Structures are given as structure tokens and as C-alpha cells.
Amino acid sequence: MIGVTGPDLSPDRYLTLFGGLDAGLPALAADPQLAGVDDLAPLRTLAAGLAAAGRHRDLRRLLLTGTLGNVWFEAHETHDHVEGFLADVGLARRHAAAETDAALADGGPAPSLVDEVWLGLVAASVHSRRDRASAEVAARLRAAGIGTVDRLARHETPHRVDYWLRRASAEDELYRVQIVAHILPDVPSGDRPALIADTLEYTLAFRPPVPDPDPLADDGNHWRSTAIDYLAPHLDPGQASAALNALATIENPGLHEVFAWSALVPVLPPDRRAEAIARALSAAATIFNAGYRGLALATIAPHLDAAQLQRAVEAAADFDWLHQPDALTPLVPHLPAEHLAGVLAFALGHPFEAPRAALLAALAPRLPDRLLPHALAAAKAMTDPGLRAKALTALVPHLPDTVRAAAVRHALDAAATGPGSARTPTLTGLAAHLPDRLTDRALDIATAIADEQERAAAFAGLAPHLPTRHIDAALAAATAIHDEVHRAHALEALVAHLPADRADQGLATVPTLHSPTLRARVWTALAPHLPAGVRAEILRRAVAAVTAVGDHDWRARAQAALAPTALNRTTGAPDRDPATTGPEHGAPDRDAGTHSPQHDVPSREPGARSPEHGAPDRGPDVRGQEQVVPGTPHRTGGPARPGRRQRTAHRRRALPSPGARPPRTAPARAPP
Amino acid sequence: MSGAYPRALALTWLAPHLPAPARDDAVAGALAAAAEVDDRKLRVRALSRLLPVLPEHQRVETGAQALDAAEAIAIEPDTVRARREWHGQARANAVAEIAPHLPAALLPRAAAAAAGTAVDPHSDHAAHAMLAVARRARRCLDAQPGAATARTAVLVLRTGLDAQDRRIGLAAITGLAGAIETLAGTSPAAAVVGTAAWWD
Numbered sequence: 001m002i003g004v005t006g007p008d009l010s011p012d013r014y015l016t017l018f019g020g021l022d023a024g025l026p027a028l029a030a031d032p033q034l035a036g037v038d039d040l041a042p043l044r045t046l047a048a049g050l051a052a053a054g055r056h057r058d059l060r061r062l063l064l065t066g067t068l069g070n071v072w073f074e075a076h077e078t079h080d081h082v083e084g085f086l087a088d089v090g091l092a093r094r095h096a097a098a099e100t101d102a103a104l105a106d107g108g109p110a111p112s113l114v115d116e117v118w119l120g121l122v123a124a125s126v127h128s129r130r131d132r133a134s135a136e137v138a139a140r141l142r143a144a145g146i147g148t149v150d151r152l153a154r155h156e157t158p159h160r161v162d163y164w165l166r167r168a169s170a171e172d173e174l175y176r177v178q179i180v181a182h183i184l185p186d187v188p189s190g191d192r193p194a195l196i197a198d199t200l201e202y203t204l205a206f207r208p209p210v211p212d213p214d215p216l217a218d219d220g221n222h223w224r225s226t227a228i229d230y231l232a233p234h235l236d237p238g239q240a241s242a243a244l245n246a247l248a249t250i251e252n253p254g255l256h257e258v259f260a261w262s263a264l265v266p267v268l269p270p271d272r273r274a275e276a277i278a279r280a281l282s283a284a285a286t287i288f289n290a291g292y293r294g295l296a297l298a299t300i301a302p303h304l305d306a307a308q309l310q311r312a313v314e315a316a317a318d319f320d321w322l323h324q325p326d327a328l329t330p331l332v333p334h335l336p337a338e339h340l341a342g343v344l345a346f347a348l349g350h351p352f353e354a355p356r357a358a359l360l361a362a363l364a365p366r367l368p369d370r371l372l373p374h375a376l377a378a379a380k381a382m383t384d385p386g387l388r389a390k391a392l393t394a395l396v397p398h399l400p401d402t403v404r405a406a407a408v409r410h411a412l413d414a415a416a417t418g419p420g421s422a423r424t425p426t427l428t429g430l431a432a433h434l435p436d437r438l439t440d441r442a443l444d445i446a447t448a449i450a451d452e453q454e455r456a457a458a459f460a461g462l463a464p465h466l467p468t469r470h471i472d473a474a475l476a477a478a479t480a481i482h483d484e485v486h487r488a489h490a491l492e493a494l495v496a497h498l499p500a501d502r503a504d505q506g507l508a509t510v511p512t513l514h515s516p517t518l519r520a521r522v523w524t525a526l527a528p529h530l531p532a533g534v535r536a537e538i539l540r541r542a543v544a545a546v547t548a549v550g551d552h553d554w555r556a557r558a559q560a561a562l563a564p565t566a567l568n569r570t571t572g573a574p575d576r577d578p579a580t581t582g583p584e585h586g587a588p589d590r591d592a593g594t595h596s597p598q599h600d601v602p603s604r605e606p607g608a609r610s611p612e613h614g615a616p617d618r619g620p621d622v623r624g625q626e627q628v629v630p631g632t633p634h635r636t637g638g639p640a641r642p643g644r645r646q647r648t649a650h651r652r653r654a655l656p657s658p659g660a661r662p663p664r665t666a667p668a669r670a671p672p
Numbered sequence: 673m674s675g676a677y678p679r680a681l682a683l684t685w686l687a688p689h690l691p692a693p694a695r696d697d698a699v700a701g702a703l704a705a706a707a708e709v710d711d712r713k714l715r716v717r718a719l720s721r722l723l724p725v726l727p728e729h730q731r732v733e734t735g736a737q738a739l740d741a742a743e744a745i746a747i748e749p750d751t752v753r754a755r756r757e758w759h760g761q762a763r764a765n766a767v768a769e770i771a772p773h774l775p776a777a778l779l780p781r782a783a784a785a786a787a788g789t790a791v792d793p794h795s796d797h798a799a800h801a802m803l804a805v806a807r808r809a810r811r812c813l814d815a816q817p818g819a820a821t822a823r824t825a826v827l828v829l830r831t832g833l834d835a836q837d838r839r840i841g842l843a844a845i846t847g848l849a850g851a852i853e854t855l856a857g858t859s860p861a862a863a864v865v866g867t868a869a870w871w872d
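Just so you know, the protein sequences line up as chains A and B, in that order. Residue 415 in our numbering sits at position 415 of the first sequence; the count goes up by one each step and never skips. Numbers given in our numbering equal positions in the second sequence, counted from 1, plus 672.
This is chain B alone, in the form it adopts within the complex:
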């Protein structure tokens, strides 16, 4: 393993404590170092740590890079089922790791990535990833109420409900609990309780 990952982490940690010109250099160095990290899981981690430090205009591009890396974790077809499931869980963990730092514009894509990690129906990893994305969507809506963030929240919710796994749908509802009530003017609690009978 090269030193790119620890270099990226160190520069990320230093950046907020540096004066402006040096801070920009540190952020640029951290971005460059993160791009050099070969291991995609570690690259996702480096980029997710870096996202909160970045200025607003850089977050979409860097967040997209992090999502690229998360979605590319062992994406190539794998003939061994156990390995496919393992990689699916690794992708889910990566999405959950970056979700809290993503800008709203990337959340629908993150939700699709989370739902797409449901390789293993007996694992909760995809639901946890969806929960992280949905919570982020709710926070974006709380911070910046408006049509765009509302649309984002609805898209995240629909992606969760489309996942054909109740847990992922419920995770999306859980993460967006307050937002759904705000947007709909009523609570989805009856739906959660009522459809329990479908499962039972």
C-alpha cells in the first residue's frame, strides 16, 4: 500500500487548522492524494473525510468522485456468489460512509447506489446505506426548504420503496420521517403499520 491514504488523511486533518492559502494547498494535496489511493474502499474513506472540509463549490465534484469509487468497488462480474455478496456489502458500507457529507444534488444517485447494493437479501447493509442517504436528504430539506430539496427527498423515498425489499423501503421512511410528514401534510405511520400485515 502506498502512502497516499495516510497522506490524504493527514492533510485533511490539518486543513481546517491552517491559514487560508496553506489550507487550500492542503485540500488540494489531500484531493490529489485521495485520487492516488488504489484501494477503492480506502479512497471512499479518504474522500468522505475530505468532503466536510471542502468549500461548497467543490463538494459536488468530489462527492461524485467518492460515489464513483463506492460504486466501482469490485463491480466487475464475479462468478462466486459469496464474493458478490461481500462486495455488495462493501459498496453499501461505502455509500453509508459518504452519504452524510453529500450535497443534495447527489443524493438520488446515492440512493440508487444504496438500493443497488442489495445483493444479499438476508443482510441489512443496503438498508443501513439507504437510511444514511435518507437522513442526509431530510437534513438537506431541513436546512434548505424548497422545491429542489423536496424533489430530492421524494426521489430518495421512491428509490427506497422501489428496492423490492421492505427493509430498504422502511429505512428510507425512517430517515425521511419528518420530511414525509412535512411534504404530505400527514404521517405515513398508518402505511407502516397497515402494511405490516402484508409481511406477517
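One chain only, chain A, in its complex shape:
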């Protein structure tokens, strides 16, 4: 008989191979691939071997203390063996639980309970890490043609779907259907029919849970109609017919039903489209409110034949002169050409400037050349600068070159003297038509907008059309916006249009943002302009930044609840790694104030950022990003696995040292 000898599976052999437990497994930390020896035997047998040998303290050190937890997890993760890591944690948890139960039965303290907390949180963290990412950033990455960023690429679609589904308010059923409609393009094609069918079934069967005794209250019909409106583009002809049947039972159809019928028309079987159009037109023509009637008529207008369109025009005109503009304006894009001159004459003769400006703006894309001078003259003659700017801005794209520049200047003058609310739409509308000599003036007007949200939107609108010489001024003005969200909006738009040789200026603005998500937005906008090596690093940071947003609020609550003991430890037991006192471990998220007062205020450790600055800082992101410039590889980003190395370094800094477990004899101190 021939003896077969397998590899030596003893724990000590592998621990020695990895550099020794006492030293922190340095060899494994340097090269997690080392755990793949003997067909992954260390990952499968080491923890179990320690437990079987009764070496539970070593097992605990392997899983918890210092950097070892990270090293062991990294080894498992490198070999796609995370389930094995969780099994190791489960093994240690069961032992700790047994120790706890025995200690409590004896009536003594059970320090192993803290091990249960450690191990339980580690396991929960590993589970939680699997299910987080930002749909927004994923979509941006995809839009930018960048879809291969580590784990995000693998989980992009499910995350996007889950994110939106789960964001929905529990009480707002309509929002949920809206979200389903919103994410349907991202749902894997195999799952889509079932989701659509389920949602439609739910929509058609919906009744409010508690009937409202008020006879005028919505009985759920409008809700259902709006839900059908959202779902309609995704329905097949049979489903659309079922939805049409449901709508037909509504006694007093209104705007919501017109929307639903209009949305169903393209997906209905051909023999049922006329029914939907007729019902929608009939309902729209009898809506009492002029604005709603105009909106309803405009919605169904693309599906109307000539006779029906004439009926729509008559219905819109069936108001007094004061309300006619409200009904006519939305319908203007669909009016037969022969009606345009009449509507223009009506607009020019209207005694009020607001409806006149609205009608002119609506008419602008449709006016023939012979009528444009009349419209332009009427727009210039308006006394209200905001309305003048609105009408001129609408006309500018359709004017001949000979008069366009002058009209742009008139519109800018009007915007500069008009209300702040008129400036942003004017600048945004004119941006593509700005002559080079007027871009300075446009930037000045944008910079002078008092409302920061409007100012940011103005910069965003101007960004694609700003000459290179304005980049410095625009970035400086955007960086000066105080509100972080609006600042990010402006920066995101500006950096997205930077020339490649100015990308470093865009990178330099990122440290002005404290929120990881906002930073990620700017990074992803900037990424397409960066050299490939830097882009990969920046995108990894963006992914890390957005995926780090998660449990800060609950962590802050737990730390606040544990604060008295933490105080004892900082004064009585010098066992805490200074790295753990950084701001990332104490500051609450921006929304922490929405919770009960006793849990609002976590411990404010030295160096913690004040809550008004939003989400906690992620140390390495800030410290590292200034070292990244285009063309220069990040110093922590090795060519093989730069992201992983950086994350590992972060965890090492953040974790307590191997002796971090607090001494059981820490001096007692009364809570503050």
C-alpha cells in the first residue's frame, strides 16, 4: 500500500508562514495571496484548528485585535472566500457566547460579552458592506462610460434598484410606483416583466386603507391614474388595455386621467387608441381651471387629428381674456400654423405683461421669420425687466444672426436689473448663444446673484460655454459659495467641462467639500478628463466615499451612549490608538439632529468636525487627495491593487492597537 501524505494543516505552520501572530502576520499583510497556498487550506482550516486546539485567545487575536482582523479578512476577500471568514467569526462568537453564559450563571462579570459585541459587529459589518453604494454615482460612472470600478461594477444595477426602492417613503404609495417606473430600465431584463406585472396589479387593485368619509376626498382614483401614467411606457398592449378599462370606470375624470390616457396611447393595441384619445380630449375640454385645461389639452395634443386639434383650440379659447393665456400657452407648441398669427396678435394686445411674456416665450420656437420682428419689438418694449429678459431669452435662439447679439445684450441688461429669480434662467438660456465679448458680463451677473442655489445653477448653466480664460474666475466664484450642496453643484458642472490640462485645478477644489457624497460627485464629473492612472484612483476614492455613507448616525448614537465609559478610558487607560480619535469616529451625520435629543450629541473628541459641516471626514480621502495630480500616480496606489492597499492602510490606522481591549480594572468614574 502506498501512503499518501497531504500538506501539514497545523495552525502553527500557517501562522509561521504568515509571519507569526505576535508580529501581526506581516507576510500575509504584505501579500494576501499567500493565503492561497495548499489550495486555500489556511483559509479553510486555520481558525477551526485554533478552536479545536482550545486556542481561543489566538483565534480572537486572529479575528479582532489590532490589524489582524483586517489582514485575515483581506486574505479571505482576496480569494473570494468571505463566507469562510464569516464562519470563522461564527466559531469565535459561539465560544464567546458559551463563556458569557457560564459567567452569568456563576453570577460573575462576563467580559466575553464584549467579545460578542466585537465579533457581532464585525460580522454585521461584512454583511452590510455587501449592500451599499450610491446609485447616483453609479449612474454617473455609467454615463461617463466608466463602468469597471472594482465591486461597484459588479453590483451596479442591484444597488441602483435597491437604493431607489428603499428610499421610498412607507406612506407614499404613489412615490413607490413612481420609483419602480424610474428604475425599470435598470432592472435586469429577466426580472422586469414580473416587476411591471406586480406593480400594475397592485396599482389597479389599490384602494385607500381607510375610506375617507368626505365625499369630495380622493377615493384612490387619481392616485391610480397617476400611477398608470408612470407605468404606462413599460406596459405591453394587454396590460395597457387593462389599465384603460380601469380608467374607464372613473366617473369624473380630470387632469390625472388625461395624463394616464395620453401615456397609454402609444402602448395600447391600435384598435383601442381612438377610445383613449377621445376620452382624454373629452375630459380635458371640460376641466374648469384654465391652466389645467391647457396642460391637459397640450398633453393629449400630439395624438389628435386635425378636427380634434381644432376642438382643443376652441376649448382653450373658451375662457375670458384674463384666463385665456393660461389655457393657450401650454397648447402653443401643438397649434396648427394658421393659428399662430392670431395668438401672437392676442399676446401683443394683452394688457398684462406676464401672460404676454409667457405667450411670447411659448410662441418663439414656432413663429415664422416674418412674425419674429414683431415679437422681438414687443419683448424689448416690456417695462418689467424680469419679464423682458424671459421673453428675449426665449426669442434669442430663433433670431437671425444679424440681430441676435443685440438681443442677447438686451436680455443680459434686463437680467442684471431684474429680480434675482430672472437671472439664472436668463443666463442658462443664453449660455449657448453668448458672443465671446459678453461672457465676462454673464459671469459677473452670475457672481452677483445673492441666492446661492440660483448662483450655483447659473454657473452650472454657463459652464459648458465658458471660454478657458474664465476658468479661474468661475472656479473661484463657485468655491466661494458657502452652502456645500450648492457649491458642489456648481463645481461639478464646471469641472465636467475643464480641458484636460486644467484638470488639476478641478481636483484642487475637492477639499472644499466635506461630504463624501458631494466629493464623489465632483470626482466622477472630473474623472473623464483625467489620465487613465489617476482616473482609476480618483474613481476608487469616489466609490469608497459614497459607500462609506451608512451607519454613522447609529455609530454616533452608540458612542454617545457609551461616552461615560469612553471618558474613563481616556483618563484611566492609555490603550487607545490615537488614530481612532480622528474626526471620522465621532462626528454625526448631517441628519443627526432629527433624532431624539438624548442621542443627538455624540462625544466631540478633539479634532472632530463640527456637525454643521455635514458628514464625518474620511481621513485618508482628505489627507491623500492633494497628493494626486494628473500624470502622477498616487503614492499609495501600487500598480497591482492600489485601492485595496490604501483601504488596508486606512483600517490599520483606524483600528485600535493589539492591546486596545480596555482593562477590566479601569478606575470607575461617575458619568458627567
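Fair warning: there could be bad hints in the mix.
Unchecked claim - With beta-carbon atoms standing in for the labels, derived distance ranges:
(1) A:Gly90 x B:Ala777: 19 to 29 Å
(2) A:Glu201 x B:Ala736: 29 to 39 Å
(3) B:Ala777 x A:Arg94: 38 to 48 Å
(4) A:Pro233 x B:Pro724: 45 to 55 Å
Unchecked claim - Partial list, computed: chain B residues near chain A (C-beta under 7 Å):
(5) Leu690
(6) Pro691
(7) Gln836
(8) Gly857
(9) Pro860
(10) Thr867
Source of the hints: derived by calculation from the structure; they are not laboratory data. Since the model is a prediction, treat every value here as computed from it, not as a measurement. Ideal Cβ placement from N, Cα and C applies to all residues, glycine included.
Put chain B on the given structure of chain A with help from the hints.
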């Protein structure tokens, strides 16, 4: 909707102000009325209001009824995911509502119910429910220190840590903050801070 729910609330409100025989009648009437409430969420609310008014020996049975009602909120399989999440949140809210009034014996079951409501990983409802249960466990331990309440607190903590969602585990730790230190003789603060790196 029948009048059972307002009747249960009215009798619950009246009971503490009535003399002994009438009080018992009011409590019995409130219990009977609560049992008639069809809507499970409203039944949970009626029973949770009634629990503090009840004599000690009735709280376990009534608390169990309230938990039954909370766990049965739309428990049937639902093909629409959005509806499953909605019902999960409704169950979590119900558990959070009754938790402050539950006797210690029912808290492990309440903790399991809270953890079981985590249908929606992006919602905090399950964590809030767990926080309510853990706080109740800590108060029970503070009020009646002993092996039984200690065991209850540990079971609640383990249920929270088993939930595979850091927020639920942290909620259990938060609610049991003082109790864990008492039982372990040391603080779990280092675990909370140290494992933050796993998340980040």
C-alpha cells in the same frame, strides 16, 4: 371601521381614574374592545396603551397578544416588493410602540420581531424598533437586577448583533449601553469604534 378602537382607548384612559371594581370592568372592556379591532396596527396601538394600566399578572398575556398582532401585520407573502417593505416598516413601528411596556419575559421575542422587520436595508425602522426593545431590556435589568433579566438583556443583544445589519446591532448596543458594561465589567466602546473601520 367599527367603534372598537375608540372604545378601547376611552376605557383605557378611564380605567386609572375609576374605583377598583369599575376599574377592573373598564380594563376588561378595553381588552375585549381591543381584541375586536380589525386593523392590526390599531390593535397594537390599543393594546400598547392598555399595557401600562394592566395589573402585573395580565401583562405577559396581553403583551403576547400585542406582539401577535404586530408580527401578523400583513405577514402573508406579498409579491410586490414595495408592499413587503411597507409592511416590514409597519411591523417595526408596531414593535417599537409596544416595546416600552412589555414585561422582560417577552423581550427576546420582541427583539426577534424587531430584527425580522429588516426587510428594507436602507430604512432605519428595524434599528429603531431594536433600540426600543433594548432600552426596555436595560430598564428591566435596572429595575430588577438578577440572572433572569441579565439573560434577557444578553439575548436581546445577541439578536441585535445577529441581524446582519450594523445599524441594528448598534441600536441594541445603544439601548443596552449601561447594561453591557454592568454585565461585562467593561465597556464595548472599543468594539464600536474599532469595527467602524470594517464599515469604512
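(request) Compare the structure with the hints numbered earlier in the document and write down the numbers of the violated ones, lowest to highest. (result) 3, 5, 6
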